[in-house]
Amino acid sequence: MRLLAKLICLTMLFSLNSGRQALAQWMLPADLVIELVADDELVPDCTNLTCDLQGNVFVAGPGYIGRLLDEDRNGLYERRHSLVEDLTHGAHGLTVDDNRLYYVANNGVWSIPLENESAANSAPTLHLPITTGGEHDAHAIRRGPDGFWYLIAGNGTSGMFELQNVSAPLIPRPRAGAIWRISSDWQQREVWAHGFRNAFDFDFQPEGSIITFDSDGERDVSLPWYRPTRVYQVRYGNDAGWLSRSWKRPNYDPDMPLVLADFGRGSPTGVLRYTHTRLPSRFHGGVFVLDWTFGRLYFVNTEKLTTELVIEAAGNAGFAATDIALHPDGRLLVSIGGRGSRGGLFSLDVRQSEESQPNSPDLNQRQEAHSNAGWQVGTGPQPRQRRSTAAKRIANLRARDVAQVELGELQLALTIMQAAQSDNDWIDSVTLMCEALGGLGPAQQRDGRRVEQQAAVFDGYRTKLTPQFSLELNLQLTEELLGCLEQTTASDDLRRELVRGLAVLETPSSVAAQFIVRDMQNTEDPTEKLHRLIALARLNSPFTEATIAAVLAAMIEIPVKVQQLGLKVDSNWTPRLAECRAAFRTQIPEIDQRLVEHPHFGSPTHLVWTEAMSKPARQVAARTYLAGTRGANQLSPTVAEFIAGTDLEIPRSVIDDWLADEMYHVAGWKALLRAPKLNDARTLQAAANSFNPEIRDLALNALEQLNVPFVQKESNESSIQQWLEASAAIQLLEGNLAEGSQLFVARQCSRCHDSAKALGPSLAGIAKRFSRTDLLIATVDPSRSISDRYRANQILTDAGQLVTGMKIYESVDGITLMTADARTVRVNADEIVRSKYSTQSLMPTGLLDELTHQQVADLLAYLSSL
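Heads up: the sequence shown begins at 21 in the numbering used here, then just goes up one per residue.
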């Protein structure tokens, strides 16, 4: 990044229609300038834009598509001419081709004519029925230089694959998100590349590849298979490796697109190759990509594989970047919006001195690819190193459903291992071995292995077919893998795959566990340790006492190290580790008891292992935690709630300490509600008015049993409208970060947004896309705008029970939900009367009840610091 060239530019943003002003700070290079050219009143919650060769700008948001008008030609837009108004949701994929505006919305790809304004109001033409509307559905569409249409879609569109109708598709069994290639008449359709999670946008490279920016596996952060947001150079037939909730292939897989850059957590949106010369020369021919989560615009040099952070909002105005377009004069246009946030349109241009003149417009720049008659899909130079002879075999196996163990391919894998000359040879041979056993991924419904081995944590460590072949060949493969693992020169990537290979073989060799333990002890990275730990849980050999001690030590160390390094964990962290622990019961029958009795057990991070433990083991764990406390401040609220959730006898003095501190109210209420007494009625009334649904229900039952009438608390300036009216006064107050952090925990916000059981989205970078006013609105009115990713399911059972929660797993047998009080609930398929999305957010209302304006300002200050 060109950090030395960065400066903080103070840019005055004008609200074009109302004359209001707001000051925002921008981090951007000294040779660029950014300007607001359309505000929220004109482009509310803007999610998409495009620009034609004449400089007309088209925008879309929830319910509208329009053309912006700059009537006084001063570079600022004053009016929006409506083109489409009957949208059920925000349109994606705006593009102009042959004087028609194409868009993706209302379950299809549509277009309208653009001959004149009156013609633009004609009925739209449907070209292709597809799934739209969800955040992981169909997105951008562009005409390729070869004359074909290209459409990119997220992993919510697997039902689209039946549209593939070419006679001999290169990808006969597509999965996850995909790039489609569609004939100009929309009749012939083929999946061009697949295996993406949720890439929103893409652009073409001159030599025939496609650049896209794909989402990360946010729920898997810090797990061994987590993959960050990545910028790909994609070629025909590439597989981006998204297989399941717990298995995504690594960058070095032979079918993977070339990774040009990765940026960790984020939400990728717009992608644009810069084909003009107006901006500084370092941007020529490279690619701009947008991240909505952190409000950033990156530039990727596709030849040098370098990146530059071009724009980042440093103030509180927010920069929720949704799309990017090239104006024919060479400027960049960037829209902001999404999920009900403030909309806007910005122009990014080269900074001009008073003496200089901007480059003259070149309206033909964007046509340069269309004039390239020799452009062919995927025929450009291949920048990867040459791969082994196994690579083609791997692709062939993946193209079909391997129904039985391919002994010939297994023997070939062994031969390649014995002659391997490079890490690539070794990695590809291990991959070939896995594919000969059906490939990695979710267990089959009739998997013959014990149920613990079918868990999601093993999707990347267990092949779909049981490795039932000759013991001699198994031991030969094991011996080769162990021999390479013993070499100190093996790279980190190779060592990771060697360990995976041993797990896949389910080897009965007792030596394998010793080698993996040694490799685990030689790394300090907790994620890499966890990778080895999961592999150990897959072995079929008995463990020595030394191996058992090493497993327990790793389980103690890994979560502590994750916390010490400041690594994030999300909702998949706890269930996946619980599945790993459960699988160890075969080799370590008393693993629960031995773990909680370990001399170093007692960190709050060790709660991750207590999930679904036996009742006696949880009692021992609770006793260990309680013995280490001298009052509430030495326990985290989560640990206190864990103790209160067991049958351990808790001293009344500890309960009173918890009840005296709002951060520990839930723990105190839980403990009190075990055996409610009449003299605790006042405290029970407070619990019955809690916004925690589990506590509220228990307290109401307790009051009924005690024959005490429930007194509903009157609202204390808690209505949505009252808080919105108070917004201006709150914004004037200076918030205290430390106080806001405590409120974030006390009001249970951290449970849903910053924990291993998070039901809501991560709040990292939230101030980069939402203003404090937006944050206040989202807090007091959480159901105003619900992301599809976090929309709850409502299930009505045949017993009349209504279950509401986030769907975490669904199969033909039933649905598993996580409820707002962090309970896992399974509903069998034959019990379901009706299932639908909820219009209400799982986030409760009333979170700000009884808070003062200053306390709300403190909370907003903390949220803005994330």
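Simulated from the structure, these hints should not be mistaken for laboratory data.
Do not take every clue at face value.
What the hints assert, rightly or not - Simulated pairs of lysine-lysine, DSSO-like, Cα-Cα distance not exceeding 30 Å:
#, residue 1, residue 2
1, Lys635, Lys588
2, Lys484, Lys412
3, Lys581, Lys697
4, Lys635, Lys697
5, Lys635, Lys581
What the hints assert, rightly or not - For each label pair, taking beta carbons as the anchor points, the in silico distance ranges come out as:
#, residue 1, residue 2, range
6, Leu493, Leu822, 50 to 58 Å
7, Pro713, Thr644, 23 to 31 Å
8, Leu757, Arg643, 49 to 57 Å
9, Glu55, Thr508, 54 to 62 Å
10, Gly75, Leu757, 43 to 51 Å
11, Leu822, Pro528, 24 to 32 Å
12, Leu585, Gln372, 51 to 59 Å
13, Glu506, Gln584, 39 to 47 Å
14, Ser178, Arg120, 23 to 31 Å
15, Leu822, Asp117, 46 to 54 Å
16, Ala573, Glu851, 37 to 45 Å
Built from N, CA and C at the ideal position, the CB exists for glycine as well.
Going through the hints against the structure:
For the given pair, lysine 635 sits about 29 Å from lysine 588 by alpha-carbon distance, which is consistent with the 30 Å threshold. For the hint pairing lysine 484 with lysine 412, the CA-to-CA distance comes to about 20 Å; that is within 30 Å, so the pair holds. Restraint check for lysine 581 and lysine 697: not satisfied, since their Cα atoms lie roughly 43 Å apart, outside the 30 Å limit. The hinted pair formed by lysine 635 and lysine 697 meets the criterion: a straight-line CA distance of about 26 Å does not exceed 30 Å.
Taken as a hint, the lysine 635 and lysine 581 pair is honoured in the structure, with Cα atoms around 27 Å apart against an allowance of 30 Å. About 55 Å separates the C-beta atoms of leucine 493 and leucine 822, a value consistent with the hinted range of 50 to 58 Å. Look at proline 713 against threonine 644: about 30 Å separates their beta carbons, and that is inside 23 to 31 Å. Our hint of 49 to 57 Å for leucine 757 and arginine 643 is violated, since their Cβ atoms are close to 36 Å apart.
Taken as a hint, the range 54 to 62 Å holds for the pair glutamate 55 and threonine 508, whose Cβ atoms sit roughly 56 Å apart. Roughly 45 Å separates the CB atoms of glycine 75 and leucine 757, a value that falls within the hinted 43 to 51 Å. Taken as a hint, the range 24 to 32 Å is violated for the pair leucine 822 and proline 528, whose Cβ atoms sit roughly 50 Å apart. Between leucine 585 and glutamine 372 the Cβ separation comes to about 46 Å, which falls outside the hinted range of 51 to 59 Å.
Remark: the range hint 39 to 47 Å for glutamate 506 to glutamine 584 is contradicted by a beta-carbon distance near 30 Å. At roughly 29 Å, the beta-carbon separation of serine 178 and arginine 120 lies within the given 23 to 31 Å, and the hint holds. In this structure the supplied range 46 to 54 Å holds for leucine 822 paired with aspartate 117, their Cβ-Cβ distance being about 48 Å. Between alanine 573 and glutamate 851, the C-beta spacing of about 43 Å keeps the proposed range 37 to 45 Å intact.
Hint check: violations occur at hints 3, 8, 11, 12, 13; the rest are consistent with the structure.
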